[in-house]
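A.B. asks: Line order of the protein sequences matches chains A, B, C and D. Following my numbering, the numbering of the first sequence begins with 54 at its first residue and continues without gaps. Following my numbering, the numbering of the second sequence begins with 54 at its first residue and continues without gaps. Following my numbering, the numbering of the third sequence begins with 54 at its first residue and continues without gaps. Following my numbering, the numbering of the fourth sequence begins with 54 at its first residue and continues without gaps.
Hints may contain errors.
For chains that are exact copies, the list does not tell them apart, and a pair is met inside one copy or across any two.
Unchecked claim - DSBU-like, lysine-lysine: derived pairs with alpha carbons at most 35 angstroms apart:
hint : residue 1 : residue 2
1    : Lys287    : Lys78
2    : Lys58     : Lys224
3    : Lys78     : Lys330
4    : Lys287    : Lys267
5    : Lys224    : Lys267
6    : Lys330    : Lys287
If you are wondering where the hints come from, they were derived from the structure by calculation, not from laboratory data. These figures come from a predicted structure and were not determined experimentally.
Number of protein chains: 4
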Amino acid sequence: MEIMKAVAFRGQAGPGRLAIEERPKPTPRAGQAVIRITTTTICGTDVHIVKGEYPVRDGLVLGHEPVGVIDQLGEGLEPEYHVGQRVIVGAITPCGQCFYCFNGAHSQCGGPLGGWRFGNTIDGAWAEYLLVPDARANLAPIPEGLTDEQVVLVPDIFSTGLGGAESGGVKIGDAVAIFAQGPIGLCATLGARLLGAALIIGIDAVSERLEVSKRFGANVVINYRDQDPVAAIKRLTGGRGVDVAIEALGRQETFENALRSIRPGGTLSSLGVYSGKLAVPYEAIYAGLGDQRIVTTLCPGGKERMRRLMEMVAQQRVDLSPLVTHQFALDSIDEAFDLFSHQRDGVMKVALHPALPPARQLTAGARELEVGSPA
Amino acid sequence: MEIMKAVAFRGQAGPGRLAIEERPKPTPRAGQAVIRITTTTICGTDVHIVKGEYPVRDGLVLGHEPVGVIDQLGEGLEPEYHVGQRVIVGAITPCGQCFYCFNGAHSQCGGPLGGWRFGNTIDGAWAEYLLVPDARANLAPIPEGLTDEQVVLVPDIFSTGLGGAESGGVKIGDAVAIFAQGPIGLCATLGARLLGAALIIGIDAVSERLEVSKRFGANVVINYRDQDPVAAIKRLTGGRGVDVAIEALGRQETFENALRSIRPGGTLSSLGVYSGKLAVPYEAIYAGLGDQRIVTTLCPGGKERMRRLMEMVAQQRVDLSPLVTHQFALDSIDEAFDLFSHQRDGVMKVALHPALPPARQLTAGARELEVGSPA
Amino acid sequence: MEIMKAVAFRGQAGPGRLAIEERPKPTPRAGQAVIRITTTTICGTDVHIVKGEYPVRDGLVLGHEPVGVIDQLGEGLEPEYHVGQRVIVGAITPCGQCFYCFNGAHSQCGGPLGGWRFGNTIDGAWAEYLLVPDARANLAPIPEGLTDEQVVLVPDIFSTGLGGAESGGVKIGDAVAIFAQGPIGLCATLGARLLGAALIIGIDAVSERLEVSKRFGANVVINYRDQDPVAAIKRLTGGRGVDVAIEALGRQETFENALRSIRPGGTLSSLGVYSGKLAVPYEAIYAGLGDQRIVTTLCPGGKERMRRLMEMVAQQRVDLSPLVTHQFALDSIDEAFDLFSHQRDGVMKVALHPALPPARQLTAGARELEVGSPA
Amino acid sequence: MEIMKAVAFRGQAGPGRLAIEERPKPTPRAGQAVIRITTTTICGTDVHIVKGEYPVRDGLVLGHEPVGVIDQLGEGLEPEYHVGQRVIVGAITPCGQCFYCFNGAHSQCGGPLGGWRFGNTIDGAWAEYLLVPDARANLAPIPEGLTDEQVVLVPDIFSTGLGGAESGGVKIGDAVAIFAQGPIGLCATLGARLLGAALIIGIDAVSERLEVSKRFGANVVINYRDQDPVAAIKRLTGGRGVDVAIEALGRQETFENALRSIRPGGTLSSLGVYSGKLAVPYEAIYAGLGDQRIVTTLCPGGKERMRRLMEMVAQQRVDLSPLVTHQFALDSIDEAFDLFSHQRDGVMKVALHPALPPARQLTAGARELEVGSPA
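Next up, chain A with everything else stripped away, as it sits in the complex (with noise of 0.2 angstroms):
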């Protein structure tokens, strides 16, 4: 049995909850994969997990945004794919084959959440090897000259902004606001763009990521310390409203203004992950009479959406690489999850290399952030 270095959740740990861990190299069965992780990185749901707000199994290997090298092929995997290949994985794994997969509910296969397996449900990316279920429907080969770096926001980040977007039903020529300009919101701004909005309204509070809001496609922003952005929004559209509002941040405050911000006809696509229970205020949805929708968003995955995903960034239409603001070897998770986490010097998201010397850290702050080809 073969021996491989992960980092596991250990739920009783205290602070210091995650630990570098030995663990057996996973080994493929039919219609499974293994893959070598060359890049991986931190997501917000992994501090929500690390936190102790997200519960998951003690010892689990977290981590869902694999960048990798295919390592084993189990059972009819080949000749589609071969040992040595360059892939990535989305964080969500449909198995392409079940009742949630055939109704269009990939990211819900097999049940609720069902299709985000990784550091959930199953053992994750963060480690020195990753076994892939149901690979024929997840492994995505990279396209030749595109680095590590250039996709490895592909599997969640971009997938889930972009993903609220699309669940938003943006259309050519609207007026669109999105409420919060973290990686995910800036990701939303982005697919916005992408799909022909004409006014794009970008919320946040912090000065820097309104900012790179604008170089991923804001045509306006609002510091919603500075001024009320609802006023500011129904301002900006004649009083009517956006034809879409984006929620990426996950509370009551958003969900009710990204709701009030909406027009008659209007709709609200939320990404968040809420807490608590949500008040719909009943003039806010006038009284139910307003033609409204409100529509939900776990990250859309499988491989064709990763290809069309790594498509947009091998034909330079989106660069997402200025938002790896940092890199750390995986041995300096915790180095990494405190930075990450406490969202210190400018970061946006960290990579990590399993294979990097502990000490090692590539970039030691912030690059400056530019995106060639937001739109």
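Place chains B, C and D on chain A using the hints.
C.D. replies: Relative to the frame of chain A, chains B, C and D by itself:
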């Protein structure tokens, strides 16, 4: 100046807030028409208004479900229309030419809820004559051979109920649950059937309405006084929940139950009129990660909607006339309103006739309900 | 090695091109299943194959409409499935995991027409046993209480016909014309009704089929030998044409008539299998300026499609069993094929039973056709 | 009666079929407006008309791309509009109130091609003044700060080209091929980009247009004189073909190539104006079994469409003004028409100005084409 009889809302008048008054008969300007009302009806919304729960101006003529005969045509309506033609007009009268109409939100014509004019912002159908704005967009000729009773529920009840099933995106083979089986809920049940649902579940607390529900398309009915509807629905759907739930009452309880009844990836289509805050328990929306939709719908109007729905009646695909359980002279509005608002005598809907002599009530009690071809 | 009986296509064998042969009983690999066929049927496509009009390899076992019992399960299918379970499998067997499946074109799984495997690229259902690829995506348990005859038309005929109405985008109140009323056309007619069409026009030249058409949902039938169907359709629709026309034959004449029958903004949904060049008269498409759509559809498959359609049968919304007019032992394939291909004795569809003794024909002639609840 | 200058089609007049004539200045009735034309242009359709290939009545004033200032308003248009307001009107002027408009086929307003009125069934924009029917549905105020040149291509070219991409259902990550890169094809290319296509392939035979194509969003251009475009497209898409092909010329060859370029499950979106019979080779549609779509589109119009497209200009998401390569006085229509119809001097589109003195041509030659922010 000609005089006509009309039933006005008198906000200050105490319990008897409906007054039969004399009014000037309206005269059409360019693009408008006047129709002589032959039949109209009372809607649950009218009950809200009369109770003071939905504010309208003092003196407004109520009623938004007009069946009649063209009496006068303003400039620009001939030869498409002619005096003496039998027509209905939708409860909602979109102009077809504004921002909202061009964006497909016809019921929000001109602004929030703006398409609802009759008995809300302009004088309505409880009168001998009705002025129809944007008549070219709203006069819908009645197909030869159909009676007033066969079409009087088309302007609102049928269009709204069916609209709930349409907004829910009901598809072939779907499982659909409809919460509340009043006239709107029954038409939503019928709508689910017309759109090809397989398993249709009707929920109410009144056993007579559940019997009618079966005739309108329900395969299974649930009396929520006897059992928990959410648990029952889960049992009927292999633990998953329905593809679409339709809320047809406007209460927190039915909204929440409807939400809990839908599967991941499912849709809650809301028809109810709400007051106060709606609470959305976060676990009922899977913390925002369930790929679900909540959609609200205001009655679709316009002459083409009316034409399509009357064509369903003319081709004998639906027969709504059994829902018209009682008939009154408009002069007997107090009696009719009392019966309807207290749901006495098995009443579903009452027909009001301005031309009938005051004392005359056509039918003494409920007809046996029969739905000829509910699908 | 176990031996089974199967009916193979023998391309070189002259008029009697079907041979009853002994074959090795298949063995399932990981993800595959073997079912024992209890009932199957003959499709018009099989007639094309036997006539040499659609090429398949010599020795192929034909048949793509399987009803049976699970005999063996490859790795990974338990406990979802178990031996002895009654199932159907769609004529089309998508994998759910390829480029085409993820893009919603399941019937094109793997490449052009790639989802159609049985009796086309792999051995089919005219045999005692059938090997099912991608079984997790394709085995559909038969609801308790349904007979083989009630579901044998689900794998192809019902799914295809209904698919034509769905691809046409039939909406509530639509006028729909269906060209040709063979089994596929009848199911398209039924599909138009299930989706809420108001005026449904069935067209054929065989008066018996036009009678059946009425029972499947047609309000009006047109015998094109008696009158020009395009002119008749225009008359029935106020000069405009239908919203949707469905072509269910595969000839230039029906294609062109269907095209000429749709209104500006309308849809031609094509189900036919064509040969040679189709001509599109430019005036029939308004020189390209009529905002029209032409859509082709290959039978939708996959277990969820099958589940939904069987649920329509189980909930008594459709009854297709009357279309099964004749029953034969599989050993009597020559007799059955002769009857079916020459459309003798009022045949609509024949049921074939591998387990029946050779000489036995269950029904001597056509049953009286009855469609219990066509909508 | 006031007199105005207008350019009329004189069918009998030989080569010089355009006559500058004096006409009564129009007067608006209820719901109509008169605008003073400041800028208009020549369309390929006008060339067809002048050549006698598309019949219009003798004496008709041509031109369907109006930019101007409101001169007079009929009853019912104030205060929404006011005299002196700068507006554009779409080439297509839907009423918003008829069968077709309510069914979403606004360009077929009133009947086949009925929304195209200007320069087709009523006097058009090549005049000092233009009568606008259904003005409430069609007058679109120009956002502050935009010049005539920035918006003159919105009424037809941009709306049509973009409409081709929209009708094709272009989605994020799609591969799209556009056949012909004239002004319409270029705007379809831009449309594919605005909707999120990844790989965009422009095809033409004129190398200058292929250069422009790259600036409008094409990643790859194909000169079909140098290579077979279908084979090249298959190579670029892993043998599959594109998701969407857009035909922007109106010839059998481009139509057929476009059809052969799409993958199974793909869409051919046709913008061309055809004459004669179109042939559809059966193998190009996989005998009718390829799950493909063919869609035709007539320019979308109406004030909201115009508003949205001008908003794209105002928000600097598109800049179409570089396509306006030449400027003329309306009095120089013969010279302008000659240049445009023979595609001399690198002409893309010419601007015509009724108020300019006859001899004046603003620009002697083609400006350097620059597209500021094609996406």
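A.B. asks: Using 35 angstroms as the alpha carbon limit, work out where Lys287 and Lys78 are close: within a copy, between copies, both or neither.
C.D. replies: Classified as neither: same-chain Cα gap 56 angstroms, cross-chain 40 angstroms, threshold 35 angstroms.
A.B. asks: Have a look at Lys330 and Lys287 and pick one of within, between, both or neither, based on CA distance no larger than 35 angstroms.
C.D. replies: Cα proximity of Lys330 and Lys287: in one copy and across copies (27 angstroms, 22 angstroms).
A.B. asks: At most 35 angstroms between CA atoms: does that hold for Lys287 and Lys267 within a copy, between copies, both, or neither?
C.D. replies: within (20 angstroms within a copy, 37 angstroms between copies)
A.B. asks: Within, between, both or neither: how does the pair Lys78, Lys330 come out at a Cα-Cα threshold of 35 angstroms?
C.D. replies: For Lys78 and Lys330, the Cα distance exceeds 35 angstroms both inside one copy (42 angstroms) and across copies (52 angstroms).
A.B. asks: My question is about Lys58 and Lys224: at a cut-off of 35 angstroms on alpha-carbon distance, are they close within one copy, between copies, both, or neither?
C.D. replies: neither (46 angstroms within a copy, 40 angstroms between copies)
A.B. asks: If the cutoff is 35 angstroms on CA atoms, where do Lys224 and Lys267 land: within, between, both or neither? Let me know, please.
C.D. replies: both (20 angstroms within a copy, 24 angstroms between copies)
Violated hints, in rising order: 1, 2 and 3; the structure is consistent with all others.
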